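Residue numbers (the numbering used here), protein chains in the order written: chain U, 1 to 132; chain P, 1 to 132; chain S, 1 to 132; chain V, 1 to 132.
Think of the hints as simulated: they come from the structure by calculation, not from any bench.
Incorrect hints may have been included.
[To be verified] Facing chain V, a subset of chain S residues (Cβ under 8 angstroms, in silico):
1) 14
2) 15
3) 16
4) 31
5) 34
6) 38
7) 48
8) 49
9) 51
10) 73
11) 74
Since the structure is predicted, the reported quantities are computational estimates derived from the model, not experimental observations.
For each residue, glycine too, the CB sits at the ideal point set by N, CA and C.
Number of protein chains: 4
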Amino acid sequence: MTTNKTFVYEMEVRDYECDMQGIVNNAVYQNYFEHARHKLLLDCGQDFAEHTQNGLHLVVVRAEIDYRAPLASGDTFRVVSYIDQKSRLKMRFNQHIERMSDGKLTTKAVVIATGVQDGRPYIPQFLWDALL
Amino acid sequence: MTTNKTFVYEMEVRDYECDMQGIVNNAVYQNYFEHARHKLLLDCGQDFAEHTQNGLHLVVVRAEIDYRAPLASGDTFRVVSYIDQKSRLKMRFNQHIERMSDGKLTTKAVVIATGVQDGRPYIPQFLWDALL
Amino acid sequence: MTTNKTFVYEMEVRDYECDMQGIVNNAVYQNYFEHARHKLLLDCGQDFAEHTQNGLHLVVVRAEIDYRAPLASGDTFRVVSYIDQKSRLKMRFNQHIERMSDGKLTTKAVVIATGVQDGRPYIPQFLWDALL
Amino acid sequence: MTTNKTFVYEMEVRDYECDMQGIVNNAVYQNYFEHARHKLLLDCGQDFAEHTQNGLHLVVVRAEIDYRAPLASGDTFRVVSYIDQKSRLKMRFNQHIERMSDGKLTTKAVVIATGVQDGRPYIPQFLWDALL
Chain U
1 MTTNKTFVYE
11 MEVRDYECDM
21 QGIVNNAVYQ
31 NYFEHARHKL
41 LLDCGQDFAE
51 HTQNGLHLVV
61 VRAEIDYRAP
71 LASGDTFRVV
81 SYIDQKSRLK
91 MRFNQHIERM
101 SDGKLTTKAV
111 VIATGVQDGR
121 PYIPQFLWDA
131 LL
Chain P
1 MTTNKTFVYE
11 MEVRDYECDM
21 QGIVNNAVYQ
31 NYFEHARHKL
41 LLDCGQDFAE
51 HTQNGLHLVV
61 VRAEIDYRAP
71 LASGDTFRVV
81 SYIDQKSRLK
91 MRFNQHIERM
101 SDGKLTTKAV
111 VIATGVQDGR
121 PYIPQFLWDA
131 LL
Chain S
1 MTTNKTFVYE
11 MEVRDYECDM
21 QGIVNNAVYQ
31 NYFEHARHKL
41 LLDCGQDFAE
51 HTQNGLHLVV
61 VRAEIDYRAP
71 LASGDTFRVV
81 SYIDQKSRLK
91 MRFNQHIERM
101 SDGKLTTKAV
111 VIATGVQDGR
121 PYIPQFLWDA
131 LL
Chain V
1 MTTNKTFVYE
11 MEVRDYECDM
21 QGIVNNAVYQ
31 NYFEHARHKL
41 LLDCGQDFAE
51 HTQNGLHLVV
61 VRAEIDYRAP
71 LASGDTFRVV
81 SYIDQKSRLK
91 MRFNQHIERM
101 SDGKLTTKAV
111 VIATGVQDGR
121 PYIPQFLWDA
131 LL
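Chain U extracted, bound-state conformation (with noise of 0.2 angstroms):
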């Protein structure tokens, strides 16, 4: 199945996200890769925190992350998200990070994730229709 949506997500490293390294903690990665993807599903009418609260949990079933350089204080970047359908129950997000001084990618991920509703894995067709 092709992709169907892309999104583009400016962001900046924030300094108390820089371990003593002095460069971005491997775990805050997946924080930008979480934030650009819910950013990716409000810019498809679907509100994360909304569903939550009406019992549709998206949830992270697995997920692929490739460290290639650092990010770290001073550098602003862009998370560039796909999404497609892996299988009906399971979205794929294809996500990676460009470095905005010297357009370098930095961070690959693959993320799966699910819907549970009523603790059993769905994903309502309205989701499907709204993402693809």
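Since chain U is already given, all that's left is putting chains P, S and V on it; use the hints.
Leaving out everything else, chains P, S and V in the frame of chain U:
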């Protein structure tokens, strides 16, 4: 001593910053305030990370935070920061957060910081000159 | 009103909690203090998460934190927490952190909290009974 | 190459680690896994912070995480970590999390790390000797 610099910085709530109550966790406001202080420093030509690398450590010695109203998913807000000189070795940041949807003051902070070089309190004159 | 409960909880610094200065970031102490408060609550038979699910939201309204000495990688420490009643609707937690290697008091906090139910300040009597 | 070291480390969920879904946020598992790896290193006589200060930077180059079941407030768990040598310049950590209440495997990770000194990939022999 009067306040010499004001700095306004716009941010937005990220969903990972919200805790199980569905609102921004208390500790996160210190992240917001810190980031806004570092942007104020940059606006004055002072780079926190560069000072750190050069052995001049700017550290918080006291923080007072009043939480008046919560921020939640989707909220955008501005952090307003004023800096003045509390004493020869103490910078004082008066900061507050205004929610952009309604202008409500949600959070207020007074943060006292100093510099440390070679293990001793020290704020170089060039820093005062740049900040005040 | 006198302090009725004291609670001591041992923790250790985790490397991801340290920032580019190689010491624990300021905001992280609020995490430490919050976790210690929730353990104190549990010790009194009160579960923060359960109260949240039942619509009783315990929230911080003010925090004062004095940073006297930094914690760094490898440090273990104890968080000492006292609770008393500041007013009918305000709990006061006096908390401090002692580094275990030398007993040094590194950080002190006064945290004022209240309860909110159905949008209004409310602390049920059973909570006061359990905590004081 | 066979796995030479196993390390088991017990932790518990802290409420600030839970997001608006009431479960531990995805990014936090990387914190858990990192902390467990650093404890494994310490158990082998290798101190991450000391290596960092000496200019030997241990960095993650890839992380794969499978989220099978959520952790929530009150959960205690053990992080089980195995290390082996993926290649001359790559350490591989196989890690997983078991919830202590029922022994359920909730999260699995494979984390590939390398060392960097003076800007170049480098893992000193003494590190291999200590870890394998």
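Status of each hint after checking the structure:
Interface restraint check: residue 14 of chain S against chain V, minimum CB-CB distance 5 angstroms, threshold 8 angstroms, status holds. Annotation: interface hint on residue 15 of chain S holds; nearest CB of chain V at approximately 5 angstroms, less than 8 angstroms. Interface hint status for residue 16 of chain S: upheld, as the beta-carbon distance to the closest one in chain V is roughly 5 angstroms, under 8 angstroms. Among the interface hints, the one on residue 31 of chain S holds; its C-beta lies about 5 angstroms from the nearest C-beta in chain V, closer than the 8 angstroms criterion.
Among the interface hints, the one on residue 34 of chain S holds; its C-beta lies about 5 angstroms from the nearest C-beta in chain V, closer than the 8 angstroms criterion. With a cut of 8 angstroms, the hint placing residue 38 of chain S at the interface with chain V holds, because the nearest CB-to-CB distance is about 5 angstroms. The criterion of a C-beta within 8 angstroms of any C-beta in chain V is met by residue 48 of chain S, whose closest approach is roughly 6 angstroms, and the hint holds. With a least beta-carbon distance of about 4 angstroms to chain V, the hint placing residue 49 of chain S at the interface is held under the 8 angstroms criterion.
Against a cut-off of 8 angstroms between C-beta atoms, the interface hint on residue 51 of chain S is violated, since the closest Cβ of chain V lies about 11 angstroms away. With 8 angstroms as the threshold, the beta carbon of residue 73 of chain S comes within range of chain V, its nearest partner Cβ sitting at about 4 angstroms, so the hint holds. Taking 8 angstroms as the C-beta contact cut-off toward chain V, the hint placing residue 74 of chain S at the interface holds, the least distance being around 7 angstroms.
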